[in-house]
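K.L.:
Below are the chains, spelled out letter by letter.
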Amino acid sequence: MITKVLMPKLSEAMESGKVIKWLKREGEPVKGGDVIAEIETDKANVEIEAFGGGVLRKIIVPDGGQVPVGQLIGVIAEPADDIGGVVADAPKGVATAPGAAAPVRLLPAEETYRSTPATTAVVSMSPEPSRVHAGASPAAAPPPGAGRVKASPLAKKIAAQSGVDLRLLQGTGPGGRIVRRDVETVLAAAPAPPAPVTPLAPPAPPAAARPAFAVPPRPAVEFEDIPLTSMRAAIAKRLPLSKGPVPHFYVTSDVAMDRAWELRTELNALEGSPKVSVTDLVIRACALALRRLPAVNASFQGQAVRVYHRAHIGIAVALEGGLITPVLRDCDAKPLAQIAAESRDLAERARGGKLRVQELSGATFSISNLGMFDVEEFSAIINPPEGAILAVGSVLEKPVADGGQIRVGRRMKMTLSCDHRVIDGATGARFLQDVKRLLEEPLRLLV
Amino acid sequence: MPPAQKFDVVVVGTGPGGYVSAIRCAQLGLSVATVEDDRPGGVCLNWGCIPTKALLRSAEVVSLFGRAAEFGITVGEWKADYAQAIQRSRRVADRMAKGVEFLFRKNKITLLRGRGVLKGRNLVEVTGQEGTQSLEAGRAVILATGSEPRSLPGVTIDEKAVISSTGAVRNETKPASLVVIGAGAVGMEFADIYAAYGVEVTVLEALPRVLPIEDEEVSTQVARLFTRRGITLRTGVSVKAVTAGASGVSVDVDAEGKTETLQAEQVLVAVGRAARTRGFGLEALGVATERGFVTVSPTMETSVKGIYAIGDMAGNQLLAHKAMAEGVVAAEAIAGLDPRPVDYGNVPSCTYCRPQVASIGQSEARARASGREIAVGRFPFTANGKAVAMGEAEGFLKVVADKGSGELLGVHIVGPEATEIIHEFAVGRTLEATLEDIIHTIHAHPTLSEAALEATLAALGQAIHI
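Protein sequence lines correspond, in order, to chains A and B. Residue numbers for the first sequence, in the working numbering: 1 to 447. Residue numbers for the second sequence, in the working numbering: 1 to 466.
None of these hints come from the bench; they were simulated from the model. No experiment lies behind these values; they were computed from the predicted model shown. Mixed in with the good hints there might be a few duds.
Unchecked claim - Computed list of lysine-lysine pairs in DSSO-like fashion (alpha-carbon distance at most 30 Å, straight line):
#, chain 1, residue 1, chain 2, residue 2
1, B, K403, A, K150
2, A, K156, B, K403
3, A, K237, B, K403
4, A, K275, A, K334
5, B, K6, B, K106
6, A, K413, A, K398
7, A, K243, A, K413
8, B, K53, B, K106
9, A, K9, A, K354
To be verified - With the C-beta cut set under 7 Å, the calculated list includes, among others, these residues of chain A facing chain B:
#, residue
10, S152
11, P153
12, L154
13, K157
14, I158
15, V179
16, R180
Cβ atoms here follow ideal geometry from the backbone N, Cα and C, with glycine treated the same way.
Given the sequences, and given the hints that come with them, work out the whole structure.
P.N.:
So, in structure tokens, the structure goes:
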């Protein structure tokens, strides 16, 4: 059997992806499910698995090669299979990112990549977009920047005047042509709106060990232009698509976290059980609340509102140079301990660039916790096509009026951003009320 | 009543919107029936655009005869016969209307004569001379019932002494004197025609200038040229009463607070058109309307699913070419394609008087009012070789652009074949061309279109021929 290995489409916005590194060599045997390569997408680095077994007969797109989604990048087959036809059908021309030493490359993948440059690629270090001459690959094509961008003359001109990179835009004109309004939409969104979807587990140190607070020396240059990483470009492209067309509204609630805090302390004192974070409690509370109120677990589909009966929750994770929202599936069917273990694993692998394809899409709801940054409250931008996102602030000790007395209590603010096309104010408020109640009666999270 | 005949699409009305949508539906493999209570082709082919263009051509020939000496031609006795001009325009209209019937046959579109009334979301009852029959629309009904001339409050159009454009294109006799109420495209075109045939014409306009939707400079230029030809133009004048008597019509007007009475043999009311939305069963089905026009989505669907409305009845510009564009959008949406909605900001506006007037996009004043910095380029036809050779050197072409980006915000033309030249800019705007793209396009010499190039150059401060 011949199995084509294609560049996967990992998100709606993804148009192309880059092979960071093949983890199998040509001629190496492969079983279905083996991780065979690492791919860099506009959002993150992911590993791809073999769908069929045999031998990795041919690597079509070498390490560093960038191709549109759906394009053949390799062929797995039995040694006796004739793969000539499949290989011949592969589109010619593999673009490589400008300079293999491009600024974006997170994680260990960079090291491994660098350690094996000799396999195929010879990289020109000239400042001009470089070409990668890959031994086995078809004729190398110019980098994406050199390709023709389909844009109207006016769009090109406005983009040039305002410094918008047309390559990052998706055209809405005839045949996908970039027209004026596409550029203007981006420009209108340019003064960055409030916090985008935000991190769960920050790379920043915990508040307990406060780092030195040194102000760095004033740089000699007045400014510097940092090229957009593909992740930053994806954020820049996707979020205006939310804030623009999706009519957001926000509801905020204040939660008494005293009992949840105690419960968490007790759980974390138990030996052999996974450490539970505030986020995990919030995930569990949201999952249960979503089951009670599926109207919030919904997505605007143009002609219909799709209501989900599974709570797949996206959890924003901060990364160096961006963020990513891996998806914790079926949260409503998982006990707290499992949620805690899986969310930790997801966050760690997100930071290590080791997420699987299927872990990047399919969320029905998202949570963004900025609590570890001493943020009291904020509102997040919905990640389309989801219908809502919960922004969670810090758990703070505050004076609380309680039966005529002032005492110190732990409070946490959370703000639900809702797509008004799907969710109405009262529905959003009821959901928030449920989440609040679950957190304030936290034993409910355990049953 | 026989059982309902079934079609994918039933189109009510066969004017430019209706017949184009019917043909596009047929092209897309749908079975189509059309219903027409007048003549195929609607107002445009029968009583509007086409016959008036035939009359304007006669008027132009008459005026050329008057100028024969200028071209070195000595003519003996000649006579301009208005009745024959009307007859010619009827032959032209008949031929174009026959063309629609031919296109229907070619595309296997059924044409039913009679009044089509919606009896349900997908049911149209047709009552004609051969009785009543029902049409069932499997996919959609397209309403394209058009518009009819409006009048002023208290003014009754009898099509004898007080006529509308519909009466004017039929009347083989011309009056000795005529008051035209309304200096829009229709009023100005008829003023032109009648004046060429020696009628004493007075045009009244309530707004401060003729062709009030055009750029101010255009209005000024047209007013100057009309006045020079002996047409009386009175702007800022409101009509209070129109009274038909034995010896003609008296028109009471209020001009700057003073009341006066004008006398003429006939009055032509050209104050605009009103959508025909009544009597087609729309109310019973709850089809929503807004200020007299049917409310439609970008794909021309009304508030009732499966019922589409296009053309004059759907509002925006009441222009045949807009109706045609909407017809295509509706047909493609019904066929399940994803059509590009009509861009109402990019519909050319054309008046076929002499000289012609054409425009697209924003007027200079409006572009200025938008607050952006604009660049304006003008080029007079007196500096255009072709126009001078033709002896039609009156008018100008003006380009209004965004100074920073070179975006073509608006183009305004008064002059020979203005209505043909405008499309260079219509295409340019559709493609989002900038001033630079126009100037790097080689324009053949000598042509009237060189004025387009020169005005664009002028907007960049680079005009060569002026």
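K.L.:
Determine for every hint whether it applies to the structure shown.
P.N.:
Status of the hints after comparison with the structure:
1. K403(B) x K150(A): Satisfied, since the Cα-Cα distance of roughly 24 Å is no more than 30 Å.
2. K156(A) x K403(B): Between K156(A) and K403(B) the Cα gap is close to 15 Å, so the pair holds against 30 Å.
3. K237(A) x K403(B): holds, 28 Å
4. K275(A) x K334(A): holds, 16 Å
5. K6(B) x K106(B): holds, 20 Å
6. K413(A) x K398(A): holds, 12 Å
7. K243(A) x K413(A): It holds: about 22 Å lies between the C-alpha atoms, which stays within 30 Å.
8. K53(B) x K106(B): This hinted pair holds, its Cα atoms lying about 27 Å apart.
9. K9(A) x K354(A): holds, 17 Å
10. S152: Where the cut-off is 7 Å and the nearest Cβ of chain B is about 3 Å from S152(A), the hint holds.
11. P153: Holds, because the Cβ-Cβ distance from P153(A) to chain B comes to roughly 5 Å (cut-off 7 Å).
12. L154: Result: holds, 4 Å to nearest chain B Cβ.
13. K157: holds, 5 Å
14. I158: holds, 5 Å
15. V179: holds, 6 Å
16. R180: holds, 6 Å
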